Amino acid sequence: GDSVTQMEGPVTLSEEAFLTINCTYTATGYPSLFWYVQYPGEGLQLLLKATKADDKGSNKGFEATYRKETTSFHLEKGSVQVSDSAVYFCALSDRGSYIPTFGRGTSLIVHP
Amino acid sequence: EADIYQTPRYLVIGTGKKITLECSQTMGHDKMYWYQQDPGMELHLIHYSYGVNSTEKGDLSSESTVSRIRTEHFPLTLESARPSHTSQYLCASSGIGHSEAFFGQGTRLTVV
Chain A
8 GDSVTQMEGP VTLSEEAFLT INCTYTATGY PSLFWYVQYP GEGLQLLLKA
58 TKADDKGSNK GFEATYRKET TSFHLEKGSV QVSDSAVYFC ALSDRGSYIP
108 TFGRGTSLIV HP
Chain B
3 EADIYQTPRY LVIGTGKKIT LECSQTMGHD KMYWYQQDPG MELHLIHYSY
53 GVNSTEKGDL SSESTVSRIR TEHFPLTLES ARPSHTSQYL CASSGIGHSE
103 AFFGQGTRLT VV
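Just so you know, the protein sequences line up as chains A and B, in that order.
For what it's worth, my numbering labels the leading residue of the first sequence as 8, then goes sequentially.
For what it's worth, my numbering labels the leading residue of the second sequence as 3, then goes sequentially.
Do not rely on the hints blindly, as some may be mistaken.
Ranges of calculated distance between the beta carbons of each label pair, as one might list FRET restraints [as the list claims (entries may be wrong)]:
id : chain 1 : residue 1 : chain 2 : residue 2 : range
1  : B       : Pro10     : A       : Pro17     : 39 to 49 angstroms
2  : B       : Pro10     : A       : Phe25     : 35 to 45 angstroms
3  : B       : Gly16     : A       : Arg74     : 24 to 34 angstroms
4  : A       : Ala60     : B       : Gly16     : 50 to 60 angstroms
5  : A       : Glu76     : B       : Glu81     : 44 to 54 angstroms
The following residues of chain A were derived to be distant from chain B, with all beta-carbon distances above 10 angstroms [to be verified]:
id : residue
6  : Thr19
7  : Ile106
8  : Ile116
Quick caveat, the hints were computed from the structure, so don't treat them as lab data.
In this text the structure is predicted, and so the values were computed from the model without any measurement.
All C-beta atoms, glycine included, are put in the ideal place defined by N, C-alpha and C.
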């Protein structure tokens, strides 16, 4: 079945540091890929997405590129802020069931 | 802004009580989902629906039940709450194909 593996956290960074959160996936079809963010006490909200190979999703300074050859969708940001502290989920939606499959989440803590 | 709403946001209830967690969306989405989120952040799919009169159990065994009588409404019911049901419950919906999921703000349930 489909699955998503993302790096374990917490990831602790200083403000303005570079961020990478790794995500790899396994899918039977040709999925769409997503990154969601969850702030404390809230539900998840979409951060960015990509629907086909080599697509780059971007939003709020975050980027991720759909790499079919390495089945990866790593999240990056050049300069993190304290306000980026949250939990980040990598996810896919595959043709067939279309049910979203989530990774376990990575907590990001950014210190001033 | 996502148009999906969960009530209540917080609920403390005694063991053995019957409870219903409400979830409504105004986007006309056919697919709806319930996830249970454990303290380690991981999301577990407990129920999903592809449309009116369609309900299926998810990956995580749950003693809860759901109904889908109207497109916009997907309530979750626990007939007899137990302390093991204490968790965060997240409702989500998605549109056609493998589009992104929209989440409610969640219900934090505590059973004492």
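Hints versus structure:
no.: 1; hint: B/Pro10 / A/Pro17: 39 to 49 angstroms; verdict: violated (30 angstroms)
no.: 2; hint: B/Pro10 / A/Phe25: 35 to 45 angstroms; verdict: holds (41 angstroms)
no.: 3; hint: B/Gly16 / A/Arg74: 24 to 34 angstroms; verdict: violated (51 angstroms)
no.: 4; hint: A/Ala60 / B/Gly16: 50 to 60 angstroms; verdict: holds (53 angstroms)
no.: 5; hint: A/Glu76 / B/Glu81: 44 to 54 angstroms; verdict: holds (49 angstroms)
no.: 6; hint: Thr19; verdict: holds (16 angstroms)
no.: 7; hint: Ile106; verdict: violated (6 angstroms)
no.: 8; hint: Ile116; verdict: holds (13 angstroms)
In this structure, the earlier hints numbered 1, 3, 7 are contradicted, and the remaining ones agree with it.
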